[in-house]
Amino acid sequence: MTVALPETRPPRRTFWRANQRRLAPWLFLAPGAAMFLLYVIIPIFQSLSLSFYDWDGMGAKSWVGTANYVELWTDEAFWTSLKNNVLWLVLYMLAVPLGLFIAIFLNQTVRGIRLYKSLFFFPFVISQVVVGLMFSWFYAPNFGLFYKLIEMVTGSGVAVLADERYVTYGIIAAGLWPQIAYVMILYLTGLNNVAPDQVEAARLDGAKGWRMLWYVILPQLRPATFIAVVVTVIGALRSFDLVSIMTSGGPYGSSRVLSYYMYEQALSEYGYRMGYGAAIAVILFAIMMIFISGFIWKMWRDETER
Amino acid sequence: MVPMKTGAPMLLAALLLSGAAVAQQRTLTYNADFDPDPLAGMQALIADFEAANPDVKVKLNNFDHEGYKTAIRNFLTADSPDLANWYAGNRMAPFVTSGQFTDVSDVWTENDLGDKLASSKASMTIDGKQWGVPYTYYQWGIYYNKDAYKAAGVEVPKTWDEFVAACPKFKAKGIDCVTTGTKALWPAAGIFDYLDLRTNGYDFHMDLANGKVPWTDPKVRAVFAEWAKIQPFTTPNNAALEWQDAAALFTQGKAANYVMGNFAVAVFKEGGMTNDTLGYMQFPEITPGIPRAEEAPTDTIHIPSGAKNVADAKKFLAFVASAPAQTKLNAKIGQLPTNKDSTVPQDDPFLVAGFETVSTASALAQFFDRDAPAEMAKVGMEGFQEFLAKPDRLDAILDRLEKARQRIY
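These protein sequence lines map, in sequence, to chains A and B.
When we follow our numbering, the leftmost residue of the first sequence carries the number 32, and every step to the right adds one.
When we follow our numbering, the leftmost residue of the second sequence carries the number 299, and every step to the right adds one.
Excised from the complex, chain B in its bound form (with noise of 0.2 Å):
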């Protein structure tokens, strides 16, 4: 609904537009789905954009950020964009397939973006070829309120161990030991995929995904015995809360860990908390000795096979791609840039952390709703939320998942 009221005095604007300026220049149209924060820099590289390439007008139609996921079918199909967002891993699957999405592999050859790029190269290949270009990921780890561990007199956990035996000091002291709100489902994917990961590592966590591993499987299991462990330490009634009311809760110090995206610290340090109160880990290890693998969501720009101005869409593809346009647009969204060779803000400690974090990793997830095809993300999701709130009925929700893996793979 947003997107429609914004989007046709933006579409007239364009027309208007595109009307004085056609004999001169030429248009690339770009459908978003920006934040407020990220808008203003992806604004800021448009416009280093067309000062490099004064002959092409970038016209961007930004979308609410939730309307937009379902909006790109329509307009994918309709009234194609030049250029347009989404995301890396098996959620751009059903676009490539259905053959919505254009090759762009040229432009990471011609740019040699498989060494620049190289940390997002496997999420963007599907049949051998790229399709699309990642301009940021955000590291996931646990946010922990400084202030809740003093008042549980409690030291930051190294190990698994030392964090679940942390958990009931908490709640002695009326803290939720970890919180998290799944209204929206995902928040609670990102908890089990740290377990996964920890558990039983990366490949394992991607078989999963995949569909090549049964839901039963003992492996499968163990993830869900250690989160029993902290299951009951878990701010309750979380399937009605958002994860902004979940924020709201550990601002306000009654509850301790959140397990979250980078994302998350604009709006901790909206609620109050700053570079003193609010802490960063990574999640620690459970299983000894499994390579350290974490969770980098990448977001995309991609050609739509509709686009009828596909030079000048590679032509931002590549500037999007380079180090400078990265280092810049990601200090100002608050995020990491994808190419090695950019540099982080030094003067963000969560930046430096997630920039450590990632670049050290063996290996990068998506989230489970990206490395997991659609329908099995959401049976999948609402699994762990029901698992959360009764952990009683494991058996049944392995089974229900079980029998969705075999229908959908």
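Just chain A, with the same shape it has in the complex (with noise of 0.2 Å):
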């Protein structure tokens, strides 16, 4: 019995030992993998389910198979949300080149120029809410600083926010601000690692201007880039709170985007339609997976490659 007990315990120990290495990694994972799947893996499939159901968030479900997705179909907000998705995505990466060519252009060593980057960097630290409601008063009608500029240029001021032609360019022009600033702080780190002999080597093959910041420096930045549409993209596609503050959708609807049409079918004051938004809540998951599955692809690729 009693020479049973060291034969018994061994086994267990050369368990842990001959797996340690592969179990640990999982180990130091589980904490962020539980917290992933709780409140990220299962509301996808819960926002999955819920979108084939009638629901008003308090009382009892009713299945109704995809008439929700049918009803999107025909329903003219929704296209009008897809629609200006679609613009937010487009006109959102002009982020890119903009940050890129004011980074290029802080990228100098003058007196003071740290001060003058954290100038340009302070529309990212401040709150969406803070750039929503400043944009706002700077196109408010009668007294808006951007309403009087184009009253004093044409005779007649033009109210964005108002104005269903412009409303959405107006948002994005204010979502603009804060990215280009976030953008133009990841190429400033990146150009930090630009290697100086690539730079040296090009200049006395005779690179200058555009040809050196296409061929020589453009390169060296890829992975910056790649930072940087990914966050661009992601920024458009939840661009929610502009939305929310600037306008609330309006007027009649015209800037709503998918994340505040969802919000606005089940959450807001007048929306009891928990189906209805998961619904849209699916149809923009589905549209991030296209550029999220493309950006794990290329990470993979790059790692795998390497």
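Since the hints were derived computationally from the structure, they do not count as laboratory data.
So, partial list: chain B residues that the calculated Cβ filter (under 10 Å) puts toward chain A: (1) Gly397; (2) Gln398; (3) Asn536; (4) Pro671; (5) Ala672; (6) Glu673; (7) Val677.
Computed cross-link-like contacts, PhoX-like style, restricted to lysine-lysine with a CA-CA straight-line distance of at most 25 Å: (8) B:Lys517 x B:Lys527; (9) B:Lys626 x B:Lys613; (10) B:Lys367 x A:Lys92; (11) B:Lys630 x B:Lys355; (12) A:Lys179 x B:Lys552; (13) B:Lys419 x B:Lys510; (14) B:Lys688 x A:Lys179; (15) B:Lys367 x B:Lys606; (16) A:Lys114 x B:Lys701; (17) A:Lys179 x B:Lys471; (18) B:Lys567 x B:Lys552; (19) A:Lys179 x B:Lys469; (20) B:Lys688 x B:Lys701; (21) B:Lys552 x B:Lys467; (22) B:Lys357 x B:Lys367; (23) B:Lys638 x B:Lys626; (24) B:Lys357 x B:Lys630; (25) A:Lys114 x B:Lys688; (26) B:Lys444 x B:Lys527; (27) B:Lys552 x B:Lys456; (28) B:Lys367 x B:Lys427.
Think of the CB as a built atom: it goes at the ideal place given N, C-alpha and C, for glycine as much as any other residue.
Take each chain as given, in its own frame, and dock them per the hints.
Pasting the structure below:
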């Protein structure tokens, strides 16, 4: 009996020892993975299943199959939101070249350059809500700076946020302001890592200006560009706060984006359609998945090539 | 966000307090959405209630007004208070049909509220039962700037035709005949409601709000035909204005008339208007002979079905419904008491006029976003906003509203 004990213990130890290297990463990942599962993965499937129900958020759910999606197909407001989302995606991309331009402009050694850099970075630090408020005052009819400027130049002011033709562009412009600052910072750090010897060599070979930028600097900035594109795409797709602050989706729903429309249908003052909101969320998720899988695929390729 | 910040310390304080006083006292938690003035009024009412019921302590959790509208769904299902503020009419229907509010018909019968609160009984009733108690309402109407009328040399109109005829005279002086700020959508609905109540009457208006009449009906078109007469004289770009922004134009004399609720008087007066420069008139008659109905949105208190202390909550409702409590509360918040035995302070001309307007009305509507179900309200008010900006799109707007009506009801 007493001899048996030492015989039973060792195999348990050896199992841990034998697999320690394989198990350890999973143990370290476990807390994060559990959170991710609880707050991201499970809600995705919950939303997916909710989108097949008609539910007011409080009472009983009733199964409606794909009716929510069928309704989306004929819902003008949905198509407006989708169109605006595409506008956001396309125009938000301007942040990448503009951010690069400012970064290159600021990447010099002048007295007090750190101060200028932080001033340019400032809009990214302040809250989106504040950005939204500032721009709505900027655009405000009768007293806004922009309105007054247009009035001075053309004789009659344009109330950007009350005009369905301009409203989305007005909000995107507000969104670009902090986004450009963000991209700029990414590029500034990237520019720090540009190899000086390559620049030197290129200069000896007679490269300057655009050719220098295009063939020598930009290739070295590829990691920064990748991150800049990723954050800009994600920023464009989840553009909610500015729409909510500046127009509440108005005038008459013409500045809605999918994320805001989802909120409006499911959670807002007049929205009691959880199922319909979930269906919108699923569509938004599907659009995001296109980009996310593209990014993941690229990262995977880069990792394995190494 | 605001309620979170204020709520957490309050909750903590409530926990500490209840721990100390748990032996002697019962507590009533009350979630509400008061602006500063009404908050002070309700706090005074609560103090009176606690004086009358020394063994009950009321814990008031006040939320930001707009945030409350979405927060209520969370706390009703997750952590229910004993009392909660909400609104009358169809606005409470989602909570009633999903069983989140308690039937309080017994409070009504025991305290004879059917008689005392007769004017609000219909709007508190769903399926023949009462689901809460009203504590205040306020009149709507046309508020006008007497200085603007003087500047344009216009007499205060008695009829709708005179009102419409005055508009070009204001325009000639660079004054907007009618102002509104429709960024939050609902101010436009106030104009629509009155035009419909005056053109087609109360019964048609309620049928429309309840989805029994198509939006493409010629009678609905008649309403928009009247609206089209004043649309060109309405403040442009109102979709980018909050109602307070339009109030600024109004107090500065850049606009002459404002279709608004009485709560706006406080804002007008803050902007420098006095009883000498601010006027109130009932919305003028359009179709002759139609009984005059008014808008009087009612604010209410309900007992959530998850309430822990129902007995004391009902006591509180009975107290809030009583005439003396309503007189005192409404004098403080500058609105009208719903109890017919209450009185209004005679030194406030707007309250006196409002009391007169509302108590002599043939019927009371709540407001478009309380009479119509939430979804229809949203689509409808967007339509009104669009009409104010692009009146030539009327056909497309009405078709869209009709499509929504067929889906929603």
